[in-house]
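Participant: Sequence:
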Amino acid sequence: SNGGAAGGAVVGGGWTVFEQLAFWRLLLGIGCGGVYPLAASLSSEVGNNQQETQENKRGHGGEGDALHGPPEEEPSSSLDAVSYFQMEAQQERNRLKMLAVTFSTQGIGFVSVPIVGLVLLVTLGEDHLDLVWRLILAMGSIPGIILMYLRWKEKRRGREQACIEMTSLHDEEHAHHNDNDTDEDDEVDEAEHAVQSNAKSNLWTAIQNEEELFLKLIGTAGTWFLFDVVFYGNTLFQPVVVKTAFGYNNNDDNGNNGQGADEYTNLVDNIHDSMILSSIALPGYFVSVALIGSRICYKYIQTPRFIQIQGFAIMAVLYLIIGYTWDSLIQHHWLLIILYGSTFFFSNYGPNTTTFMLPSLTFSPDCRSTLNGISAASGKAGALIGSIMFEPVVAKYGDSTVMSLCAMISIVAGVITIYCTNPPSSTGTRTRRIVSSD
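Just so we're aligned, residue 1137 is where the sequence shown starts under my numbering, counting upward by one.
None of these hints come from the bench; they were simulated from the model. Glycine included, each C-beta is placed from N, C-alpha and C at the ideal position. It is possible that some hints are incorrect.
Claimed, not checked - Restraint ranges, calculated between C-beta atoms of paired labels, are given here:
#1 1297 <-> 1241: 25 to 31 Å
#2 1529 <-> 1432: 44 to 50 Å
#3 1283 <-> 1525: 30 to 36 Å
#4 1348 <-> 1258: 25 to 31 Å
#5 1517 <-> 1303: 47 to 53 Å
Please construct the entire structure, taking both the sequences and the accompanying hints into account.
Facilitator: This is the structure we're talking about:
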């Protein structure tokens, strides 16, 4: 992924710029696509380990997660039972928040892009536009480089610890068998190979044994696909709305509404106005973190599934309003910006966060990461379709039709969420305790 980010900044030579960017972005997508599901699964596993550690301290063993796992031994007295269930529920809330916080950092990345772009444009000026976009792409590799260093440091520490333990064990058990080192190395290699083979076999077995696999994949991969059609399609459609709302025209050599029409001025205006939409959308991530796992009204708990349903429902309403009142809204620029920015807010509060979370909560631990990756890949296929589809639909049917189409897709995704993301056999003890403890 670092190579994809940095490589895009140094394009040149025989291929066209777009061909080279496509190649490097493909490499970036392969790298990030592998890390994406692992981030959710790792956060989920960390939460599981913390829960199990607490259970072991209380003398209650047990494995499981938010949607799986056998019920633990129940406390004897009713007072102890209330405290126990409340503690379990709080631990599960913390786990859900950890997943949401992991994903919310994406929002910081989204809002950083226009900020960095604006700073570079103002600093370097209109004579260095080619350098500006290259620097923006190159900066995308910095987080990955930092992560590589931290990961290398962690693996080195782990290897050193493992070497110390193995050396100690070797000294104790094989002090007088120094002539068998080669045989022992071969045995270690064979053992590692056997472990890898068993892991592949166990993964396929776990996928085959996953209950209601098809229904769960429709719920996770299907909703992720539909959401990304809308989300990434609107990301490309965003400049159209911004241009309509703020009234400047990139193709007008004389300028309109006091806006300069040269390339540099239009870039500054686009970035500045996009920052307004990003500022509306960004809090959605943090509202999701704040509310997830908590109770609203009397009996409704903000589980990831329920938040996703809310998000799709509100997005559908907003897109319908924008679609049916488009001609009026273009006369009320700030109202259009607020409504359109709110679609991104509720995307981030709802399905943009929860489609990342639900696969790691829905599937069994043995196949969680793989099926999470399949769900994420389905989402990126939706992003591709949305990116390709929006422009021709706008050209043929108009802006209002696109907004209405987004509303229809959101409704379908919401219905799939209701019927496919909570199979009866996937409802575990800890999830019910969130509901019962409050």
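Participant: Within 25 to 31 Å or not, the Cβ separation of residue 1348 and residue 1258?
Facilitator: Violated, at about 54 Å.
Participant: Could you check the hint for me, namely that residue 1297 and residue 1241 are 25 to 31 Å apart, CB to CB?
Facilitator: holds (29 Å)
Participant: Go ahead and decide if the range 44 to 50 Å is satisfied by the Cβ distance of residue 1529 to residue 1432.
Facilitator: violated (36 Å)
Participant: Please check whether residue 1283 and residue 1525 have a Cβ separation lying inside 30 to 36 Å.
Facilitator: Given range 30 to 36 Å: holds, Cβ gap about 34 Å.
Participant: Please test the hint of 47 to 53 Å on the beta carbon pair from residue 1517 and residue 1303.
Facilitator: Holds - the Cβ-Cβ distance for residue 1517 and residue 1303, about 49 Å, lies within 47 to 53 Å.
Consistency note: the structure conflicts with the earlier hints numbered 2, 4.
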